[in-house]
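Colleague: Sequence:
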Amino acid sequence: MPTSATPSMHPLETFAPFRRWPPSPLRNLVYTFVWNGLVGIALACAAVLFGSAMPFGTLVAEMLLASNVIGFLIHGVVRLLRGVAPGRDSRAMRSAKLLLTACCALLGMAVTNAVLGGRSVFDELLHTGALARYLPGAVVVALLMAAVLASGERRVAREIEAARQQEQIAEAARLLAEAKLRTLQAQIEPHFLYNTLANVVSLIGSDPARARHMLERLIDFLRASLSASRAEHATLGAEIDLARAYLDLLTVRMGARLRYRIDVDASCRDAVIPPMLVQPLVENAVMHGIEPKVEGGTIVVRACRRDAGLCVEVADDGAGLSATAPRPGGGVGLSNLRERLRVLHADNAQVQLLENQDGGVTSRLILPL
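Read in order, the letters of the sequence shown are residues 11 to 379 in the working numbering.
Quick caveat, the hints were computed from the structure, so don't treat them as lab data.
Certain hints may be false.
[What the hints assert, rightly or not] Derived Cβ-Cβ restraints for the label pairs, each shown as a range:
1) A157 <-> R374: 37 to 43 Å
2) L185 <-> I214: 55 to 61 Å
3) L186 <-> N358: 16 to 22 Å
4) D317 <-> V166: 36 to 42 Å
5) S161 <-> R315: 40 to 46 Å
6) V40 <-> A157: 22 to 28 Å
7) A102 <-> Q176: 32 to 38 Å
Quick reminder that beta carbons are idealized off the backbone N, C-alpha and C, glycines included.
Work the whole structure out from these sequences, hints included.
Modeller: Here it is as structure tokens:
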């Protein structure tokens, strides 16, 4: 006897196992048949408890007939109402459903008694006192259906509220991750900045051209960092330009100990990604791969489309994962990166750290597009 305020609700959906199947006209018909059977059996048991002398089998058969007649009448009327006024759920609509439910119950009782008594429905309805006999039962049925309706509405309201709260929690987590990113973007590592400026000062007297070049690269890096810190989103091209400015600056400072190459497909540069994803991988390669190695090494930045996603790799031929002792604060950048990706993309993004066969490490970033 579906009397819910929305097409997706049915009285059987009060029970969790019946929410597994998506709503459809056929499913609702089957559910109505099952619901009517449960109601008929419950009524037969209630009649026995109240002292009915009728044989239980006969009682069950009559109650099943009555519940199915009434139930399918209500089912048809509710379907008709939804067709006439789809999506409307006003107080007037609820009152109309309640009134029509009572009318269906009244008519269903008359039809059942007419069939059982061998009379026509019109004779049954026009029989003196028939309406008065059926009216209390019709009111009870209508009130029960109203209670089922109210229970279903409360359940749906709770589910909507729970979903809204989960959405708010997820949004808060995303905003927190972005706030942490803004903090990181607004801060340049002091030691990096101090060392760079100290190198500039030391070169002013002995090699002013190199000092000027280093200062220009620092300005380029600061400008790119500031642009990234103010952006909601970034393109892979902008992230690669920031990494290039950083590596340009370090090649001036480290000299022949650092070499780099960038190999990025042109079709990938316009891909929109969260900001500051590539830079931590490059910093990690320099700090843990190239700097600990006396002769230095080469860093290669690659990016290409893979399946329905984007693959970015930062490879070095430096010290490798096990060749040097862990540095203070090591691994924090990658941990923060993994946490950001988990908040932004759930399980659809990955950060992989792979040791190369010829030495060094490859950091691989896989992002959905």
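Colleague: For every hint, state whether the structure bears it out.
Modeller: Comparing the hints with the structure gives:
1. At about 58 Å, the CB distance of A157 to R374 disagrees with the hint of 37 to 43 Å.
2. The hinted range of 55 to 61 Å is not satisfied by L185 and I214, whose Cβ atoms lie roughly 45 Å apart.
3. Checked against the hint of 16 to 22 Å, the C-beta distance between L186 and N358 comes to roughly 20 Å, which is consistent with it.
4. A hinted range of 36 to 42 Å holds for the C-beta pair D317 and V166, which are about 39 Å apart.
5. With their beta carbons about 51 Å apart, S161 and R315 fall outside the hinted range of 40 to 46 Å.
6. Roughly 23 Å separates the CB atoms of V40 and A157, a value that falls within the hinted 22 to 28 Å.
7. Roughly 34 Å separates the CB atoms of A102 and Q176, a value that falls within the hinted 32 to 38 Å.
Hints 1, 2, 5, counting from the list given before, are not met by this structure.
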